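Asker: The whole structure should be built from the sequences, with the hints applied where relevant.
Chains as they are written, first to last, in the numbering used here: chain G, 1 to 119; chain C, 120 to 622; chain X, 623 to 1113.
Do not rely on the hints blindly, as some may be mistaken.
[Stated by the list, open to error] Quick look at which bits of chain G chain X covers, simulated, 3 or more residues with Cβ under 8 Å:
| id | segment |
| --- | --- |
| 1 | 30-39 |
| 2 | 44-50 |
| 3 | 54-63 |
[Stated by the list, open to error] Pair ranges (Cβ atoms, derived):
| id | chain 1 | residue 1 | chain 2 | residue 2 | range |
| --- | --- | --- | --- | --- | --- |
| 4 | C | K322 | X | A1067 | 51 to 61 Å |
| 5 | G | G104 | X | T624 | 54 to 64 Å |
| 6 | C | T417 | X | D986 | 51 to 61 Å |
| 7 | G | D109 | X | D923 | 20 to 30 Å |
| 8 | G | L79 | X | A625 | 28 to 38 Å |
| 9 | X | A1067 | G | G112 | 24 to 34 Å |
| 10 | X | R993 | C | Y166 | 35 to 45 Å |
| 11 | X | I1042 | G | L79 | 44 to 54 Å |
[What the hints assert, rightly or not] When the alpha-carbon atoms are kept at most 25 Å apart in a straight line, the in silico SDA-like pairs for lysine to any residue are as follows:
| id | chain 1 | residue 1 | chain 2 | residue 2 |
| --- | --- | --- | --- | --- |
| 12 | X | K856 | G | A87 |
| 13 | G | K53 | G | Y8 |
| 14 | C | K418 | C | D483 |
| 15 | C | K322 | X | E1033 |
| 16 | C | K418 | C | V544 |
| 17 | X | K856 | G | Q114 |
| 18 | G | K32 | G | E110 |
| 19 | C | K322 | C | L189 |
| 20 | X | K856 | G | G104 |
| 21 | X | K856 | G | R98 |
| 22 | X | K856 | G | D101 |
Treat the hints as calculated values from the structure; they're not laboratory data.
These numbers were taken from a predicted model, which means no experiment stands behind them.
Virtual Cβ for every residue (Gly too), placed ideally from N, Cα, C.
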Amino acid sequence: MVDFVGLYNYWIVVFLMMAGLYLVIEHGNLVKKMVGLTVFQAAVFLLYITLGKVRDGTAPIIAEGIETYSNPLPHVLILTAIVVGVATLALGLALVVRIRDAYGTIEEDEIGDQDGPAI
Amino acid sequence: MRVELAMAVALAGPLAGAAAIALFGRRPNLRDGAMIVASVVTFLAVYRILPAVDAGGRPELFLFDFVPGLGIRFVIEPLGMLFALVASFLWIVTSFYAIGYMRGHGEENQTRFYVCFAIAISAALGVAMSGNMLTLFIAYEVLTLSTYPLVTHHQSPESMRAGRTYLGILLSTSIGLQLVGIVWTYGATGTLDFTPGGILAGKVEGWPLIVLLFLYMYGIGKAALLPIHRWLPAAMVAPTPVSALLHAVAVVKAGVFTVLKVAIYIFGVDYLSETGASTWLMYVAGATVVIASLVALTKDNLKARLAYSTVSQLSYVVLGAALATSWSVVGGAMHIAMHAFGKITLFFCAGAIMVAAHKTEISDMAGLGRRMPFTFAAFAVGALSVTGLPPLGGVWSKWYLGLGAVEAEQLIFVAVLMISSLLNVAYLIPVAARGFISPKREGDPVPQPVGAAVAHDGHEDEDGIREAPMFCVVPLCLTAIGCLALFFAADDIAAFLAPIAQR
Amino acid sequence: MTAHLPALQVVITLLAAPACILVRGRDLTFWLALLTTWAAFAVSCLLLDQVMTSGIVSYELGGWAAPFGIEYRVDALNAFVLLIVSGIGAIVLPFTPRSLLIEMVGEKAYLFYCAFLLCVTGLLGVAITGDAFNLFVFLEISSLASCILISLGPHRRALTAAFQYLIVGTIGATFIVIGIGLIYGATGTLNLNDIAERLPATGYNRTVIAAFAFLIVGAAIKLALFPLHFWLPKAYTYAPSTVSAFLAATATKVGVYVLIRFLFTVFGVKFSFDILPTALPLMLLAVLAMFVASTVAIFQDSVKRMLAYSSVAQIGYMVLGLSLVTVDGLTASIVHLFNHALMKGALFLAIGCIAYRQSSFRIDDLAGMGRRMPWTMAAFTAGGLSLIGIPLTAGFISKWYLILAALAADEPLIAALIVISSLLAVIYVWRVVEAAYFREPGPGAPSGEAPLALLIPTWVLIALNVYFGIETSLPVGVSEHAARALMGAGP
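Answerer: Right, dumping it as structure tokens:
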């Protein structure tokens, strides 16, 4: 039981991951798809941060009296991943804007109805 | 000219011809002249190689390697020499014939036709001269692809359908079965060179050997074993010169030539007869001989009948390979030449009848012989040669095949050969006979008013039918004479081919 | 200079991308992009030469020592992939200016070149890096850039195709990053080689297995392995022809590279195939891809979509080769990686030539094309023959090695399936050839050949198809070298 609760971070990660994926798959609204994708990515950020945490560790600053500290590398990696995530989100939203210009809607099924057979 | 150079010329000649034909596409006389020149040069180059091969030489032309030890190599041995001679000689004859036919018939797209034709000849010579199985396979595929536009020449829905059958069967068998066989052979032996005595002995045994033989024999769709013969009748929608050259000489003979090559130089005749791996093939070939002849009997369309006759005759060669004795192999090889001359004569005649009289059905041809005497005389000669009656070439190949069957102690196939000859008589001779002998059908106005003949542009005949153009008639007479000449040359050919059967 | 080749490989195009935005002029950016891709191609040639003569090239970025800093590690496999990516980029790029005018907005061309260079950078980066997280970053760079490129297609459906590509691509990349995170948790390192060395010590616990699953599924999405291929046909169909040609020839190849790298180098043959039963599922999916996608391709009306499905099928061949887990099989896979890039690139460029004259890619609208655009259709036919695997084309070499490998691995059934599925290719290629050569053009069909600027790149690729169908020492030599190293690298 202690393990179960002690690993709650991971449970949150799994929950967020599934919720994000579900949003992406289930929703026909393109903006909501992007939201789902962001949640999905956020789950991964959390996973990395959790991996870097060392029990009773503090911030990784070299100073007197600090013996144990958390692993800084995952944090750095996640900074990069966040940048990537932001870029993805920006590009996705830009595409949604263009799609709305072209189709007048951002609902997937309505877009599908507007085009005839493949060229 | 060195022999190797002659080989290169023989292979490149038709290609250069194709380029020249394409170049002169807008000037028909120049274009047709280029084709004739190319065909003559090609034949002379092939002929130049003959003395060297006869003296026991195996001239070799090496281009490049795909993988070390496996590349494009051309080697000429007697079997290939014979095929190359036949194909290149008949190309000259067919060129003249094609000019007469295509002009007489007013066909369109003649340039494309001649270009593909020349490429096909180059491929056939490539098959003849190939020094390993991979080279042969490549030339074989080029032959398939280059003849496809010829089959679909008319671009009608019917010819498109036929073209699909043609390409579908030939490509699917060659890629689907033959290529697998080739890769398998390479994997098992590490070589694909044609080696006297074969390369498989001791490397592949038992059931796999039979499977491998199956992959080859049914992979060579051009040999038209039952039931993958469908492409051959389908291809008859092509203009007649195509049927003549390609389906009497180049394409189908490339098929059975490959069968012989594989049997002799990949499997090895001795290995086949020792293991008995080819027993099933004898029965399939025998069945093809008889069944295709029976089908031919039912066909009223002359070209269709000839097509089924070809299917049947091709299996003679396959039978020769399957019997796997020295006589049968020589007989099979000889049959390539004999049947080529006989069958091309028949096709030329069919085309001439179509050009001159616009008749395709046998039942409509009654009495035509009197107005087209040369054509029908040549048809009779060709028919007798294909049937195998002296004094025509066809008799010798059957003779050797019969000897082979006796040597292999498979007497049933002697009977098959006899029955087939009888069937040949039944389906070929009547065509010629009707032309000369059959009385006019009832309803024809026999007594002609004197003035009617004048109304038909001054022709003597009431329906304006007379002999086909000279370009058509002369070639078919030549090939008919060839049938006769081969009867007397048979000994020389057998002596020339003897090395392939040596152990 | 030569010591810094690995860094130059990525940096040249990376720096040129923002430079394009600063320069802006349409022609100027084109020449800038052209020069840099050619430079990248030259670098990859030098790198391959260096690898083949003196073995693995290791480069420590910024001078940080290997397991801690980012290492660029070039062996025969990724040198070859670098060559494919930069080579195809160098050939395809000259095609764009004339094609852009027809298919895209001309005045914003500089943005196209910027995205193109970024895409090249990303793909090169994925191939060259020896660091797991760096790999993910480059993967995202390439997929975001290619998403922009796809969205530039002439039809508005390009937008939805790009959006779908973005979503699916991001999910795939995120799966990969999850896998990388789990491996990091298990081994404490991100250097691919270091991971390979430390993994056995973990006893292959459940974390490692989960990481493996995430990585393989992520890579499978990226390389469009059936049934995770659904994003590909749409993207390739609606993207501008240049982009289709470039992506079809390179993006999925890099995906296959990632798969091979993780299966063979990082996790090792023992774990990937002996401890976990990976080979059989991969083989089944590959065979399914070959058959299902080829069959679907036969029933397509649009040539472009047909080629896209054919790509899915061809990826099946590559995965099939590696799933044999033999040196021969891997060699065949890598050879096909190269050859397929050549043939699909050529085919899509030929489509680009057609697009220059008419906007429809329906097979029915190609009637009589053989006479209207003889050079274009001749190129298409030659590329199609290569796709089928007719001798004297590169495709034949691929099939040859693949069948040989299947037979050597005692899988005659697989050999038969390879052959049968290539017969399906005959059918779909022939539908186009038949329409182009043996049907009369409809009334009002445009006529006239594409300009030389389009024909030359197309024919360069066709010439390469023929050249590498005859002279195989480069692809086969490198592939064998790479395959040996990969099979030997396992623990």
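Asker: Does E1033/X lie within 25 Å of K322/C when you go C-alpha to C-alpha?
Answerer: 18 Å, holds
Asker: Cβ-Cβ distance between I1042/X and L79/G: within 44 to 54 Å?
Answerer: Holds, at about 51 Å.
Asker: Is the hinted pair K856/X and A87/G satisfied, with a Cα-Cα distance of at most 25 Å?
Answerer: Holds - the C-alpha atoms of A87/G and K856/X are around 23 Å apart, at most 25 Å.
Asker: Verify the coverage statement for the segment 54-63 of chain G against chain X, using a C-beta to C-beta distance below 8 Å and requiring 3 or more qualifying residues.
Answerer: Since three or more residues must qualify, the claim that chain X covers the segment 54-63 of chain G is violated, with 0 doing so at under 8 Å.
Asker: Holds or violated: 51 to 61 Å for the Cβ distance of K322/C and A1067/X?
Answerer: 56 Å, holds
Asker: The hint says 24 to 34 Å between A1067/X and G112/G; measuring C-beta to C-beta, is that right?
Answerer: About 31 Å separates the Cβ atoms of A1067/X and G112/G, which means 24 to 34 Å holds.
Asker: Keeping to a limit of 25 Å between CA atoms, is the pair of K32/G and E110/G held or broken?
Answerer: 15 Å, holds
Asker: Does R98/G lie within 25 Å of K856/X when you go C-alpha to C-alpha?
Answerer: It holds: about 18 Å lies between the C-alpha atoms, which stays within 25 Å.
Asker: With the threshold set at 25 Å, check whether the alpha-carbon distance from K418/C to D483/C stays at or below it.
Answerer: Roughly 13 Å separates the two Cα atoms, so the pair holds.
Asker: Is the Cα-Cα distance between K418/C and V544/C 25 Å or less?
Answerer: 15 Å, holds
Asker: How about the segment 30-39 of chain G: do at least three of its residues have a C-beta closer than 8 Å to a C-beta of chain X?
Answerer: holds (count 3)
Asker: In this structure, is the beta-carbon distance linking G104/G and T624/X contained in 54 to 64 Å?
Answerer: Holds, at about 56 Å.
Going through the hint list in order, the structure does not satisfy hints 3, 6.
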